[in-house]
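Residues per chain are reported as follows:
Protein chains: 2
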Amino acid sequence: MKIRDIQTAVIEANYDWTIVKVITEEDIVGYGECFLAPGLTRTIQELKPILIGQDGRNIDRICRLLREAGVAAGSVGGIIFNAVAGIETALWDAYAKWLDVPLFRLFGGAFRTRIRIYADCHASESLSSLSSICTPRIPWWMSDTGETVHFREIHMRAHGGLSEEAKELPDPMAYAERAKRVKGMGYTALKFDVDIPNPYMRDEFNRCLDNREIDLIASLVKEVRNAVGDDTDIAIDCHWRFSAESAIRLTEAVAPYKLLWLEDPVPPDSVEALKRVTDYSPVPIATGENHYTRQQFYALIVQGGVHIVSPDFQKTGLLEGKRIADIAETFTTPIAPHNISSPIGTLASAHLCASIPNFLVLEHHGIDVPFWEELALGWDGHIIRNGYIELSEEKPGIGIELNEEVAYRYRRKDEPFFDQT
Amino acid sequence: MKIRDIQTAVIEANYDWTIVKVITEEDIVGYGECFLAPGLTRTIQELKPILIGQDGRNIDRICRLLREAGVAAGSVGGIIFNAVAGIETALWDAYAKWLDVPLFRLFGGAFRTRIRIYADCHASESLSSLSSICTPRIPWWMSDTGETVHFREIHMRAHGGLSEEAKELPDPMAYAERAKRVKGMGYTALKFDVDIPNPYMRDEFNRCLDNREIDLIASLVKEVRNAVGDDTDIAIDCHWRFSAESAIRLTEAVAPYKLLWLEDPVPPDSVEALKRVTDYSPVPIATGENHYTRQQFYALIVQGGVHIVSPDFQKTGLLEGKRIADIAETFTTPIAPHNISSPIGTLASAHLCASIPNFLVLEHHGIDVPFWEELALGWDGHIIRNGYIELSEEKPGIGIELNEEVAYRYRRKDEPFFDQT
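Quick mapping for you: the protein sequence lines, in order, are chains Y and G.
Every number in this note's numbering is 148 more than the matching position in the first sequence, counting from 1.
Every number in this note's numbering is 148 more than the matching position in the second sequence, counting from 1.
Some clues are possibly wrong.
Where chains are identical, the list cannot tell them apart; a pair therefore holds if satisfied intra-copy or between any two copies.
Below, computed lysine-lysine pairings styled on DSBU-like, alpha-carbon distance capped at 30 Å [as the list claims (entries may be wrong)]:
#1 K561 / K315
#2 K196 / K315
#3 K328 / K423
#4 K561 / K423
#5 K470 / K423
#6 K328 / K470
#7 K328 / K561
#8 K406 / K328
#9 K470 / K150
#10 K150 / K406
#11 K561 / K196
#12 K315 / K150
#13 K543 / K406
#14 K315 / K423
#15 K150 / K328
#16 K196 / K423
#17 K543 / K423
#18 K315 / K328
FYI, nobody ran anything at the bench for these hints, they're computed from the structure.
Note that this is a predicted model, so its numbers are computed, not measured.
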């Protein structure tokens with residue numbers, strides 16, 4: 149199974165879904181997905197010469213060589229990991245197809261084939277889209293001009309938020325309505341962002357939450373809980389915005405609403421800050437989407453005392469993702485993988501989740517993307533039904549092919565589209 | 149001092165010297181250098197829209213916004229840091245020129261203006277050059293064909309080495325000759341790579357050193373010590389290749405030769421592995437070129453017990469580099485910055501070293517690059533004289549301009565060259 153070619157394409161959705169396509173000398177095609185990053189496909193292109201002609205079955209060896217090739221690009225994290233993750237998944241998909249087995253067979257087999265999914269929600273129904281540098285944009289296929297419209301602002305206190313939005317108070321009932329609607333789609337777990345632009349923010353950089361902000365967030369969570377009742381799990385995401393003391397005050401305020409977890413309270417840099425929060429929080433704390441290696445997750449679990457780990461397999465890669473899950477399982481820590489992918493990354497993640505005993509729930513971040521499901525070829529019916537993905541014992545690899553015609557229709561125009569440049 | 153433009157160029161030297169040029173609305177030009185990486189200049193290009201029009205004097209704020217913009221690209225390390233480091237240095241250079249002060253004035257002033265430099269040496273006199281993915285190459289301006297010649301091999305046991313080279317034993321006398329020659333250039337400290345391809349290697353991936361390899365390395369170090377005498381410091385570099393137990397055996401074998409330090413014995417991922425080595429090593433251990441943030445250096449120092457820290461300011465950036473030095477100083481840990489730069493990155497590093505009380509010695513990795521010094525405009529005489537850089541109180545910014553004519557002559561041809569694409 150020698151590698152004949154590696155190609156990339158980027159789909160301009162709510163994020164830049166970055167797809168890697170591996171073609172072997174036997175004409176087997178494997179697909180993988182990378183977590184987005186600026187310059188990412190150029191990085192993959194520069195790695196390509198050491199991949200061509202390699203035996204694509206020695207996947208772990210190839211990943212180690214790629215990381216060594218990328219040592220100047222970062223040996224503890226960063227774009228090189230995103231790049232390798234997509235290449236790795238494409239190799240797994242190709243090899244599983246070669247063997248004609250579903251991917252979960254290659255990770256020790258399944259503990260379950262019905263994978264529980266949670267929906268990431270926003271307060272509004274409209275698509276929120278971020279560029280490769282996490283600035284808000286209107287994708288070209290949605291804009292009036294037919295060109296991508298960029299809002300070149302980074303706001304340190306709000307994920308993809310604009311200063312303009314901070315002038316108005318968010319409406320708790322909009323959150324409640326949204327929660328009810330998504331619950332109606334069959335999901336048993338929902339997640340909301342709580343790093344929301346609001347008029348009470350006093351400083352963009354000091355990470356401190358005003359008491360009025362904490363009350364505001366608690367009121368949103370309360371309305372969501374009231375809307376969905378007790379049979380639906382709710383998680384909230386802080387996008388690593390807050391100081392440890394602010395985060396602790398926030399956990400106390402939302403404790404009555406029995407959250408599944410509170411995610412990323414503090415910046416990913418300091419395991420000591422995380423530990424301070426996990427020591428005092430009455431709410432389970434999840435973190436992990438900004439970390440890459442088993443050693444980093446070991447530190448999060450053993451030193452940081454995190455309650456739930458949430459790695460993103462489009463950053464860690466699948467095999468390192470399995471190792472991270474194994475370390476978590478060693479300490480009875482559940483794993484709830486972060487995922488903002490197209491069906492390619494989502495199904496690859498779902499296969500790995502099948503093989504992980506301590507798997508809790510997998511993210512789906514595409515409910516507002518009108519063509520999310522259209523990108524998949526070869527699946528029978530809806531991919532996510534009543535909040536679950538049911539993996540087939542029959543379909544080889546990740547279980548789908550990419551519908552390249554649909555992908556082309558929503559491509560990022562300044563990026564190569566596989567063999568078309 | 150609003151930012152009007154950000155441009156890049158890559159010089160194909162022993163590494164890809166990646167230069168960032170900032171131009172302000174007052175036509176002040178600042179230069180900075182990034183640590184190389186695949187896809188790097190594309191990453192910078194994608195970051196550019198949020199930089200244009202910003203007040204270039206709020207440097208720390210800009211860096212924080214850029215890192216947040218790059219959070220998808222890696223918040224604990226990687227290419228985004230390399231990119232931001234070059235942009236940051238260019239802003240410092242521009243701002244110091246605007247104020248008409250040497251750069252070290254902006255970091256609290258100088259403890260010294262005479263900066264001690266050590267020379268990175270190879271056993272041979274010829275230029276060893278690595279591509280953006282750390283594979284060996286012959287630069288186009290050295291090759292017979294006029295095109296870059298690439299050797300697409302990653303060897304896990306040798307920095308830029310080829311399997312072919314492992315068939316022959318290295319010659320200790322070549323190391324001794326080389327050491328004598330470089331000492332003759334005036335340097336008071338030398339560094340040699342000891343992760344050398346050799347016939348005794350039993351496995352490429354298990355990180356274990358055969359006893360014969362340890363004897364071989366010790367014999368090289370012995371000859372170097374004999375050649376240079378006791379008045380010259382010697383450091384050795386392991387490029388994070390070895391297991392902790394192998395590294396400990398190696399430190400014991402080279403202990404008689406009174407090394408300045410042994411660098412990067414174990415992979416950068418595990419602070420526990422580092423601690424095992426520092427606990428037992430009779431030789432001072434240095435590490436840091438694969439780390440980015442003050443939190444990571446805090447862990448290396450406090451948990452890992454590292455004796456000397458060696459961050460690369462073309463990865464960490466200058467201000468974070470200063471903070472790393474401050475943390476090191478808190479624990480009386482000396483700092484010996486890693487540096488493989490052109491004169492741009494080297495002088496920026498030298499200015500920061502001037503302002504750091506616990507500074508030990510700064511790397512120079514360009515003694516084999518025939519045009520290293522030619523790249524600098526506006527310096528009087530040699531930049532490095534008798535193993536020191538003497539910073540001027542008079543010259544603003546980093547003290548030189550880039551000679552763009554020379555840079556163009558040795559450019560990487562598939563990269564933009566500033567405003568020419």
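Each hint tested on the structure:
1. K561 / K315: For K561 and K315, neither the intra-copy (34 Å) nor the inter-copy (49 Å) Cα distance is at most 30 Å.
2. K196 / K315: between (48 Å within a copy, 28 Å between copies)
3. K328 / K423: neither (34 Å within a copy, 52 Å between copies)
4. K561 / K423: Classified as neither: same-chain Cα gap 44 Å, cross-chain 49 Å, threshold 30 Å.
5. K470 / K423: both (24 Å within a copy, 26 Å between copies)
6. K328 / K470: The answer is neither: 34 Å in one copy and 51 Å across copies each exceed 30 Å.
7. K328 / K561: neither (36 Å within a copy, 57 Å between copies)
8. K406 / K328: Within one copy only: 17 Å inside a chain, 71 Å across chains, cut-off 30 Å.
9. K470 / K150: Answer is within; shortest intra-copy Cα gap is 25 Å, inter-copy 47 Å.
10. K150 / K406: Answer is neither: 51 Å inside a copy and 49 Å across each miss the 30 Å cutoff.
11. K561 / K196: both (22 Å within a copy, 18 Å between copies)
12. K315 / K150: Only across copies: K315 and K150 sit 27 Å apart there, 57 Å inside one copy, limit 30 Å.
13. K543 / K406: neither (38 Å within a copy, 62 Å between copies)
14. K315 / K423: neither (34 Å within a copy, 50 Å between copies)
15. K150 / K328: neither (50 Å within a copy, 48 Å between copies)
16. K196 / K423: neither (40 Å within a copy, 36 Å between copies)
17. K543 / K423: neither (43 Å within a copy, 47 Å between copies)
18. K315 / K328: Close inside one copy (26 Å), not across copies (69 Å); limit 30 Å.
Violated hints for the displayed structure, listed by number in ascending order: 1, 3, 4, 6, 7, 10, 13, 14, 15, 16, 17.
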